[in-house]
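Chains as they are written, first to last, in the numbering used here: chain A, 1 to 288; chain B, 1001 to 1257.
Note that these hints are calculated values from the structure, not bench results. For each residue, glycine too, the CB sits at the ideal point set by N, CA and C. Just so you know, not all the hints are guaranteed correct.
[As the list claims (entries may be wrong)] Dumping the calculated DSSO-like pairs for lysine-lysine here, alpha-carbon to alpha-carbon at most 30 angstroms:
1) Lys170/A with Lys1083/B
2) Lys183/A with Lys1105/B
3) Lys1082/B with Lys1116/B
4) Lys1116/B with Lys1201/B
5) Lys1191/B with Lys170/A
6) Lys170/A with Lys1246/B
7) Lys1073/B with Lys1200/B
8) Lys1132/B with Lys170/A
9) Lys1124/B with Lys183/A
10) Lys1200/B with Lys1099/B
11) Lys183/A with Lys1083/B
12) Lys1099/B with Lys101/A
13) Lys1144/B with Lys1116/B
14) Lys1105/B with Lys1083/B
15) Lys1122/B with Lys1144/B
16) Lys1191/B with Lys183/A
17) Lys183/A with Lys170/A
18) Lys1191/B with Lys283/A
[Unchecked claim] Here chain A is said to cover these stretches of chain B; the calculated rule only asks that three of the stretch's residues, wherever they fall, bring their Cβ under 8 angstroms from a Cβ of chain A:
19) 1090-1097
20) 1100-1110
21) 1163-1174
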Amino acid sequence: MHTNNTSKLKNRVILNKLFKLLFIFATSIALLFLGVLIYRILSQGLDYLTIDFLKNYPAPYIEEAGIFAGLMGSLFMIAITAPVAIILGVSTAIYLEEYAKQNKFTRFIQVNVQNLAGVPSIVFGLLGLTFFVYMLELGYTLIAGALTMSLLVLPVIVVAAQEAIRSVPKELRDASIGMGATKWQTIWRIVLPASIPGILTGSILALSRAIGETAPLIIVGAAAAIYTIPDSIFSKYTVMPMQIWSWTSRPQEEWQYVAAAGIIVLLIILLCMNAIAVWIRNKFQNRY
Amino acid sequence: MTTIINNNAAFSIEDFNLWYGNDQAIHQINMKIPRNEITAVIGPSGCGKSTLLKTLNRMIETIPSVNTSGSIKYNDKDIFSKKMLVEELRTHVGMVFQKPNPFPKSIYENVAYGPKIHGIKKKKVLDEIVEKSLRGAAIWDEVKDRLNQNAYGLSGGQQQRICIARCLAIEPDVILMDEPTSALDPISTLKVEELIKELKKDYTIVIVTHNMQQAARISDKTAFMLNGELVEFTDTDQLFSNPKDKRTEDYITGRFG
Ligand SMILES: Nc1ncnc2c1ncn2[C@@H]1O[C@H](COP(=O)(O)OP(=O)(O)OP(=O)(O)O)[C@@H](O)[C@H]1O
Ligand SMILES: [Mg+2]
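Let the sequences and hints guide you as you build the complete structure.
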């Protein structure tokens, strides 16, 4: 009896070790690939990453080619996409969580918002082409691209905001309502401030996905080579991933290195956005 | 409210029933809750004490499945009538909850929250209300030097007194308290009990408690509930020394519940 128990315990300890090794192995594989990827990009691109590269427009000669148009295009696009998507997304989340009756119709919307978050981005590109480019006759402009991107990130922001709103404890709402606050006062003064960290973290992560997207923008007509930065929301535009993609599709090998330099710039922007998300989460972390 | 009130009941409850969906939680309750006294509600778990209390300021309506019948009058006005603004009712009938639930804001902002949502903006007026309320809740001396610190940094007992101060700041007539000391240690409990006795001068207080000694210590009248019914409601001394109903006697002598 006793010996039997001991041998069972031994088995469990061995199994425990085995799984630990398995997980370490899985993590190492992921890290290894990431390492190789970053190494290759850095070793190819670093030499080409100069101040001029940041300041120049695309050019037929490698020495003169730069990512300025793409960089500014991406930043302008985010500057439009972020407010549009966050305001729409948070409003939708407030409606679904706080006001909508819990019935079949609400559940139907709920499920579909979640499904939309998984729809391939190219489908959003087609939607943007039909709706913004043709129906609203915006053409191949910055605003059409930015609105398409807003649609793309909207479902993710709605879901993140809903989760943040839902995690505000009922006791806090009760305290507010119990003092005679209206529902809207409670949402504005208690629920939203308490869910801002969750909303912003989710939004920034969604936007950093958008900044790396190419497919939908090819469809709604982002240009590959452009020699101005947008001067209005109806300008033609390009974005960083478009620029990188156009360089990688050139035959001469050296263009690949230029593309690698572009990727480094894109990665730095992504890292900055993620760092901001982490910073917001830590700074505003609520302790209920 | 400015109307002159003849009878001395803050609340008159008549033939009141309440259902959660199909389950009836309150059966045919009739009681008059006296003004400027402390009324304790006791009874075993699940008998409907919290439900009754939350009905008095209509907080129960945050649960969608609830249905009611009968009438409840606050200062002779039907609280369920269309003319009664629920926000107004709740500024006259404040509530302190079982678990201390300060907002994740500074102590000052917690207490100023009520006045602010009711439209008071002047810093000077707010300052006065905050100090008066914190003094009223017997916690001014403990927090006066750190009004801008987050209320989450306080102990549970201090948090509960902040919540009481927050409630006083809306200048209610009635304060409903649902087991306000059940999450507190004995010393904090005593402090809050003393505070409640002090508040009686200016407020009508209805307090739900599981602690019969507490009910005996602080209340003027005690209601005993069982399975959603009001079994006995009389002077506290009377109820504990000479209960009329066999079930009350069994409960207070610890034979069940
Ligand atoms: N949200 C709800 N939905 C459905 N039924 C509920 C709900 N809240 C309470 N009830 C039921 O109503 C009855 C009374 O509950 P209530 O919370 O008023 O009891 P209580 O006397 O306050 O108990 P306790 O002393 O444990 O707090 C119980 O049978 C409970 O199961
Ligand atoms: Mg209760």
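Checked hints:
1. Lys170/A with Lys1083/B: It holds: about 28 angstroms lies between the C-alpha atoms, which stays within 30 angstroms.
2. Lys183/A with Lys1105/B: Holds, at about 19 angstroms.
3. Lys1082/B with Lys1116/B: Holds, because 26 angstroms separates the two Cα atoms, which is no more than 30 angstroms.
4. Lys1116/B with Lys1201/B: holds, 26 angstroms
5. Lys1191/B with Lys170/A: Roughly 27 angstroms between the alpha carbons, so the hint for Lys1191/B and Lys170/A holds.
6. Lys170/A with Lys1246/B: Violated: Lys170/A and Lys1246/B sit about 39 angstroms apart, past 30 angstroms.
7. Lys1073/B with Lys1200/B: holds, 21 angstroms
8. Lys1132/B with Lys170/A: holds, 28 angstroms
9. Lys1124/B with Lys183/A: holds, 27 angstroms
10. Lys1200/B with Lys1099/B: Given pair Lys1200/B, Lys1099/B holds - Cα atoms ~22 angstroms apart, limit 30 angstroms.
11. Lys183/A with Lys1083/B: Cα-Cα ~19 angstroms, so holds.
12. Lys1099/B with Lys101/A: holds, 28 angstroms
13. Lys1144/B with Lys1116/B: holds, 20 angstroms
14. Lys1105/B with Lys1083/B: Violated. Lys1105/B to Lys1083/B sits at ~34 angstroms, over the 30 angstroms cutoff.
15. Lys1122/B with Lys1144/B: It holds: about 20 angstroms lies between the C-alpha atoms, which stays within 30 angstroms.
16. Lys1191/B with Lys183/A: Distance of about 33 angstroms is beyond 30 angstroms: violated.
17. Lys183/A with Lys170/A: At roughly 13 angstroms apart (the allowed maximum being 30 angstroms), Lys170/A and Lys183/A satisfy the hint.
18. Lys1191/B with Lys283/A: Measuring from Cα to Cα gives roughly 35 angstroms; hence the hint is violated.
19. 1090-1097: It holds: at least three residues are needed, and the region 1090-1097 of chain B offers 5 whose Cβ sits within less than 8 angstroms of chain A.
20. 1100-1110: holds (count 4)
21. 1163-1174: Per the Cβ count (4), the hint holds.
When each numbered hint is compared with the structure, violations occur for hints 6, 14, 16, 18.
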